[in-house]
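What follows is each chain in one-letter form.
There are 4 protein chains.
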Amino acid sequence: MFRSISEMSFALRDKLVGFRRDFHRYAELGQLEMRTSSLIARRLSELGYRVLVGDDVGMPGIAMPVPEVLDAALQNARVTGGDLEYLEQVRNGLTGVIGILECGDGSVTALRFDIDALGINEDSSEQHRPTREGFASIYPGVMHACGHDGHAAIGLGVAEVLIGIKDSLHGTVRLIFQPAEESLRGARAIVEKGHLDDVQFLLAGHISKRLPGESCDIIAGCGGSLAAVHIDVTFRGRAAHAAAAPEKGANSLLAAAGTVQQLYGISRSSVGDTRVNVGTLHAGTARNVIADHACMEIEVRGKNDEVCSYMETQAHRIIHCSAEMHGVSAEIKTMGSCDALESDPALMEQVAAACGKLQGVSVHPQLRREVGGSEDFSCMMRRVREHGGQATMLRFLTDITDVVHGSGFDFDDADILPKAVAAMSAVLYDIHGSHQRLGKCYRNILIF
Amino acid sequence: MFRSISEMSFALRDKLVGFRRDFHRYAELGQLEMRTSSLIARRLSELGYRVLVGDDVGMPGIAMPVPEVLDAALQNARVTGGDLEYLEQVRNGLTGVIGILECGDGSVTALRFDIDALGINEDSSEQHRPTREGFASIYPGVMHACGHDGHAAIGLGVAEVLIGIKDSLHGTVRLIFQPAEESLRGARAIVEKGHLDDVQFLLAGHISKRLPGESCDIIAGCGGSLAAVHIDVTFRGRAAHAAAAPEKGANSLLAAAGTVQQLYGISRSSVGDTRVNVGTLHAGTARNVIADHACMEIEVRGKNDEVCSYMETQAHRIIHCSAEMHGVSAEIKTMGSCDALESDPALMEQVAAACGKLQGVSVHPQLRREVGGSEDFSCMMRRVREHGGQATMLRFLTDITDVVHGSGFDFDDADILPKAVAAMSAVLYDIHGSHQRLGKCYRNILIF
Amino acid sequence: MFRSISEMSFALRDKLVGFRRDFHRYAELGQLEMRTSSLIARRLSELGYRVLVGDDVGMPGIAMPVPEVLDAALQNARVTGGDLEYLEQVRNGLTGVIGILECGDGSVTALRFDIDALGINEDSSEQHRPTREGFASIYPGVMHACGHDGHAAIGLGVAEVLIGIKDSLHGTVRLIFQPAEESLRGARAIVEKGHLDDVQFLLAGHISKRLPGESCDIIAGCGGSLAAVHIDVTFRGRAAHAAAAPEKGANSLLAAAGTVQQLYGISRSSVGDTRVNVGTLHAGTARNVIADHACMEIEVRGKNDEVCSYMETQAHRIIHCSAEMHGVSAEIKTMGSCDALESDPALMEQVAAACGKLQGVSVHPQLRREVGGSEDFSCMMRRVREHGGQATMLRFLTDITDVVHGSGFDFDDADILPKAVAAMSAVLYDIHGSHQRLGKCYRNILIF
Amino acid sequence: MFRSISEMSFALRDKLVGFRRDFHRYAELGQLEMRTSSLIARRLSELGYRVLVGDDVGMPGIAMPVPEVLDAALQNARVTGGDLEYLEQVRNGLTGVIGILECGDGSVTALRFDIDALGINEDSSEQHRPTREGFASIYPGVMHACGHDGHAAIGLGVAEVLIGIKDSLHGTVRLIFQPAEESLRGARAIVEKGHLDDVQFLLAGHISKRLPGESCDIIAGCGGSLAAVHIDVTFRGRAAHAAAAPEKGANSLLAAAGTVQQLYGISRSSVGDTRVNVGTLHAGTARNVIADHACMEIEVRGKNDEVCSYMETQAHRIIHCSAEMHGVSAEIKTMGSCDALESDPALMEQVAAACGKLQGVSVHPQLRREVGGSEDFSCMMRRVREHGGQATMLRFLTDITDVVHGSGFDFDDADILPKAVAAMSAVLYDIHGSHQRLGKCYRNILIF
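Residue numbers (the numbering used here), protein chains in the order written: chain Y, 167 to 614; chain B, 167 to 614; chain F, 167 to 614; chain L, 167 to 614.
Careful: at least some of the hints might be erroneous.
Repeated chains share a single entry, so a pair holds when one copy, or any two copies, can fit it.
[As the list claims (entries may be wrong)] Below are the DSSO-like pairs computed for lysine-lysine, each with C-alpha atoms no more than 30 Å apart in a straight line: (1) K375 - K414; (2) K359 - K523; (3) K499 - K332; (4) K469 - K414; (5) K469 - K181; (6) K375 - K181; (7) K181 - K523; (8) K523 - K469.
Derived from the structure by calculation, the hints contain no laboratory data. Note that the structure is a prediction, hence the values are computed from the model and not measured.
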């Protein structure tokens, strides 16, 4: 019996919610998404996709996890139901999966779904639904607080819908399940591997808060997210007994504290909005010893490259001068970066039109949402545009608790997951449906 | 064949060096000295001492290690040659050993040897003798950088000498191998158990740098070390996305950084010398999240109780106001404390006289050395004085590399260990030798 | 002989440049613009305007200058050519002048020209044209670095043109020469006096940098300037000898330094752009005394009222907690405030149309310029809108050296002053020209 | 009729109190003690001393007051009863007076009395006796809060007593009324002029608090005061509009605030006690301008030269790195310095013995008091010792309100001034009395 994309998508609701909550419960940090990757690879393989994992997906970047960390993550993945066969192929930290559906000649479209969790302690109170309903993260300090668990589930849903309509499609679709978005490293690794080099249409989506008064589900694009640079700093000083000879030490912790103060105090800029954050700081070895080392994870952001670069320059100056002031050394590593993100207007129009045909899915009258934050999807966008392709990131609107990256973050998965699957599938059908090649529209009405 | 205390002590040189380097190599942090304690207990038992361990030694205090940490330490101790039988008795974190030698009626003397290591990364360069000769700590971030490995070895040496002369002794000698000196918690636990309640003479010793121009080995006492208070602080704020909604967070890391700056800036006092140190700081969970927690280990010190209390009061005020300033909460725990330390003049005279009779050991013409730092031995001294006893801490002088608590700390063990054993044994003989009871001095000359 | 507004305005070029350079040379701070006010009043009087000064212009606000400061300013004004008669009427610090031209029935339009200088040291190098050509400020630390000298000159130019065409006008025109714009206090004082209560059209203008590639002279409106709040803080602590008893002091200077650091570190907000500045800090009495007082002039700004209020709240919290942390008291005074500024679209259209008819003046194709900074003109705008009036602030574009408020600020007065006079006069004629009343346009073409 | 030194001194009580309160009321800052110097010179001249003023007293040093300041001080001195003739000779800022009494051959003794006030606002409440009784300083921000008003009065008292007994004296006595003690510049200027080059005995005295339980008046010497260095810093940055282009500024005020925090945070030293103070900070020109300059008066101190030098080095490093961090320049000037102070034991013995003979004056059984603070008298001491002379600073004990350098500082002038005069005169008689030369003691008993 023939069913529309909407019907197919909504029929997946329980499955999608199940995927999402499973990923949520076994949240994995960037480059350690072994269990998640292995299960995605297994599912795509079962559906009939050509599946790439490990070295075939990305390039090793800076700051690959150390062996001990990889081993611990592998062990966790094994005992929590990871696919043992695929785990072997991602145990090197080159996580992520690409599923490829080839339907003959035609253009290439890539969909990107990010799959990594964050270093956050999940709210353990009964107020928090994942806790109450038993799907909160089992790992202290690791949590899906940005919706990537949902993104991964949407990707699997789209994969299933596509298989259902693949006889009507032409061209190539790549479903990219990307690791390490939060650290701004995952996209780059995949871009450098070449997976975006022949892509004409690039799509991604992000779960977002439905604002007061809004009743729509989908926004066709977004923009305004900030360019960002990630910096790791290590100060190395000299230990000394804090009472017997404090003046003989070189105090890395004090240097770090001063640096933190000064970083947040970098002047606002008239050129555009900026951000700065010192997300983590670890310093010192013992209470009665002048701290001989301090490590910080820092990020700076800006409305555009100019002002992001201004923030980076100021940060470097502050770090170097703080170090010199306290007689400690400073090692600065750039860990990741991304551009400001902006959807292509033409593709936004196309997305809005395609989604507008869906039953049970409501498209926002505004094409574009202004968003905060930073997104390493911008790195993929840049590559696609370099050869004339187009890109957009959709927003999937639903009810959300707490702020993004808050320990109480949760979203209405049963509401939005099937709608998001429908929206992305509809766009894919709009691009790759046979009517396009044949110049015929007759299936169009049916399928949406 | 009869031998003098000096002869007996110097004959132990190689054994003492062996003990010290073994303890050095398997350095254990305070309350985790399981291997060290088990081996000391075994040795004392072999020598014929009545041996107390576990609950018989101390009382559980604040901040006992969590089970995971205890288990890891136990596991380490098991695989590195710890005594399996005694390990079972110290696995609860009540480490430390007391060896008791009872020689009939007479006064009670206690000797205290501290045995814990520090949270310091040992110098791994070839310049550092322990590294070069293969006895550097096998544990990253744990190091004997304060000579307690030597103190433990001296205690075992004294134990052996005493057994050799025990027929000439009367009264009771307690050899207290104390854990957790660096955290200022170990002495208190033993005092509260009552082990000092009947002690007339209390001795300890500390390896110290021989100053330029000095050629002596032993100083009879010391003073001037600072009163100290250990404070742990936890700030708890609110996580938020550092770009999308930074203003919704409550930044614990920034609160901590400001606190650090202000703590070091507490006014110097005309009442007396002060110290303040933030030894460790750990904050935040992820780069792009406003840090929701920050933990610090702090210590303040002062020349006397008044000025130490001034520092503590200021620190509390700064912590509370910093927390309020950033909308975070602050939890302050007092983790340990000690008084200023001062040796008793009469006992110093006695020590100097007794040691002055030794062959091959040279006593400093000054009775007392001014020392920095803080010592929880002061807690034992106070108890002994409360019932009219006397106490002193000797200084064992030798060549030392780097500063105390420095990552390159080392001392000339072959030089000072036998001398220190001789000195403490001589004092014990001076107090407990039979000639004292009998009013006869004839053995005095022989034995020294 | 009949002349167009353009002709009349351009004929004033030398006079306008003369006015501007005279005001520049004798720069006066807000509420001390005695010489400037007296000369403006004299000139308006000579031209035939009804002139209001002193109590008739504004209401005394917070922070009126103290008598000594007023006396010194009066004395300076007297010896540098101020009008002695009018000086007597503004010596109380109620500076500013209103010139009224009544042409029978009709609507009321107000033009506002701000006249105060800034607390900045003018660049004394030969590179700086005012220095080179001898019209730099004679007062150290006082400088027209924001173009208000030009605004005052434009006001006098408009006054002269209006008199030339007054027979063609109906209704009432008020030329408001406003003091103390920089401190955000001057507009409020005039609003509260009621001078805006019956105004239908309200205009102001600001000299601005012509951007690279631009060749236009006039922009019809602007927006985006920030809401702002001015705060004065006084910390009061306790003096003590900095060596003999530093711990007995309560250090206001240290409290202030910590406050400064924390203020600049207030979190950026996702709600909108923010600013914070500590413009001045004066603390302490002697090197060897713990500082017993510290005074700061602070401002916070935000894209809208919500985020400006967020900044103000954070600032108050920081100030209070810093004070408590150091045992000092904090007195906070709100010295001024303004709303975000936005021109009315309809009036911008009218302005652009009217100016578009002028010879020799080029209107920017964009109606509105996004501007930074803050403007207390917003306070007048709000009053006018409350009863249905419209308001706009024009931008007068020309070449500018250095940044606004920079010590090397200068602008091309010969270029822009006559054009600005023409623009404002044209708008006035567009509103108040007799053709409007009579429904006849015949003079319209002639006069522009 | 013959009178003893005690009788002569106590007879001066009202006169001494009068001098002190007059000096207190017209308090003058260092290098501006014009009125004070002129009246001292006049009085010494009347008594018959050879009087040196102006260029004959000292050498111009760094940081002489600017002409405007000198002129203002001169004007103040003229209208408040200064001696017009002598005022002309000290108007160049080379204040201070030396009175010389030559009594034939013999040794040279110098007495030093410091005469400058402090930059402190005097307590204006009725609780403060100088306010209540009408002799509080008439100058805002200038106050005798360190007892130098009393020292000057004591000097005039000694001058009068000496004249009374001059027929019994031999040798030379120099009464040095030294300016600018608080800035650590006055002593150096006089030393460099050579006035100490032939001095065998050097005396000074300081009014001090009588401690609880003490009933003595005089202590023969003191020590333990700190070595000190005075540093002035000027940061110069770049002004910019704080809202329109804050990122274009270079914020001197923020650089200064960070410097302040870091300076107070310089590590305590195990080498000895330290101090640091930022006494004054003045920065910025206007609220809405990024501050282009900031000036600070800083002092560092240490128990000895080594640790004082450590503090100075750290301070320089902090200042330079803070400047670089904020893109501002830093100019550092060393404004003054002094050594640690310690009285000579032999001279203390002599002082105690001499004063012990006085009626109505009680000498402390301890020869030496440990004092805080710093004293540029140490500079004179050093010179005298270089050629074998001896020096001591007596302490004059009495009841004192508030702390030294506190705004409520006052002392019991009627109690201590005559006793201090008696003590210093007795020591002078002990050194220079004819009995010394003649080997006869008969007048000794009478005169004390």
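A quick look at each hint next to the structure:
Proximity of K375 and K414 under a CA criterion of 30 Å is satisfied inter-copy only: 15 Å between copies versus 53 Å inside one chain copy. In this assembly of identical chains, the alpha carbons of K359 and K523 never lie at most 30 Å apart, being 36 Å within a copy and 60 Å across copies at closest. Proximity of K499 to K332 under the C-alpha cut-off of 30 Å is found in neither arrangement, the shortest distances being 46 Å within a copy and 64 Å between copies. Within a single copy, K469 and K414 get their C-alpha atoms only as close as 44 Å, which misses the 30 Å cut-off; across copies the closest is 17 Å, which meets it.
In this assembly of identical chains, the alpha carbons of K469 and K181 never lie at most 30 Å apart, being 39 Å within a copy and 45 Å across copies at closest. Only within a single protomer do K375 and K181 lie at most 30 Å apart by alpha-carbon distance; the minimum there is 23 Å, versus 60 Å between protomers. Taking identical chains as interchangeable, the C-alpha atoms of K181 and K523 lie at most 30 Å apart only when both belong to the same chain, with a minimum of 24 Å there against 68 Å between chains. In this assembly of identical chains, K523 and K469 lie within 30 Å of each other by CA distance neither inside one copy nor across copies; the values are 34 Å within and 39 Å between.
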